[in-house]
Every structure is written in structure tokens, then in C-alpha cells.
Amino acid sequence: MSNEATQPYQRIVQDVREKIRSGRLPAGEKLPSTRELAEEYSVAPGTVQRALTELRSARLIYSHQGRGSFITDTAIESSRDSTAHALKALEEQVADLAARLERIEKDRNA
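Per our numbering, the sequence shown runs over residues 1 to 110.
Calculated from the structure, these hints are not laboratory results.
Within a straight-line C-alpha distance of at most 25 angstroms, the following computed SDA-like cross-link-like pairs (lysine to any residue) qualify: (1) Lys88 to Asp73; (2) Lys88 to Asp15; (3) Lys88 to Arg17; (4) Lys30 to Tyr62; (5) Lys19 to Gln65.
Input sequences plus hints: build the corresponding full structure.
Next up, the structure:
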């Protein structure tokens, strides 16, 4: 999906997910305010609220009225699980490609 096709709230969600995955947003870290995020992403506060709602639904953040939104402990675990799953899939693809290459080389040398 290109950046142009991505809804503004989805860009915020993807960015926060990436920051969690990379460790730039650790568990317990407070997110900037809705106003600050709206300015950072050049979007309306309602767009930020929609992104925060999606992040809460995914259990990546939790919010306290008047205090802000924070990264959950499970966000870090979820990110690790997601990374481990992606690595396992890549390992399987590499093993499959290696087996295919070996068969091609055998056929060529036969």
C-alpha cells in the first residue's frame, strides 16, 4: 500500500507500531498529546483520536482521562511475537529457495 493510499490515521498507527517495534517507544512511555500529534502529522485532532482508538483496540496503548496515552507492556510482547513470526517465515522461505536451487543445480549437472 503506497503512502498516498494510506489514510492519515493509518499513517499514525503504522508510525507508532514501528516506534514500538524499534524500541523508540518503550512500555510505559507517554505518547505526545492529541494536539502535539495533530501538529506533528499535520492532521485534525479527530484523525489523531481515530488512530488512538485503533491503537487502544490493538492493545498497544492505554489511556487515562486527563493524563494521556501510554504504551502497554503487551505492545512490546506483541511486537516481539510479530518479529519472531516474520523471522520464522523468512527462514522457511530461505530454506525453500535453497532446496529449489539445489534441485536446479542437480538437474543442470545431470
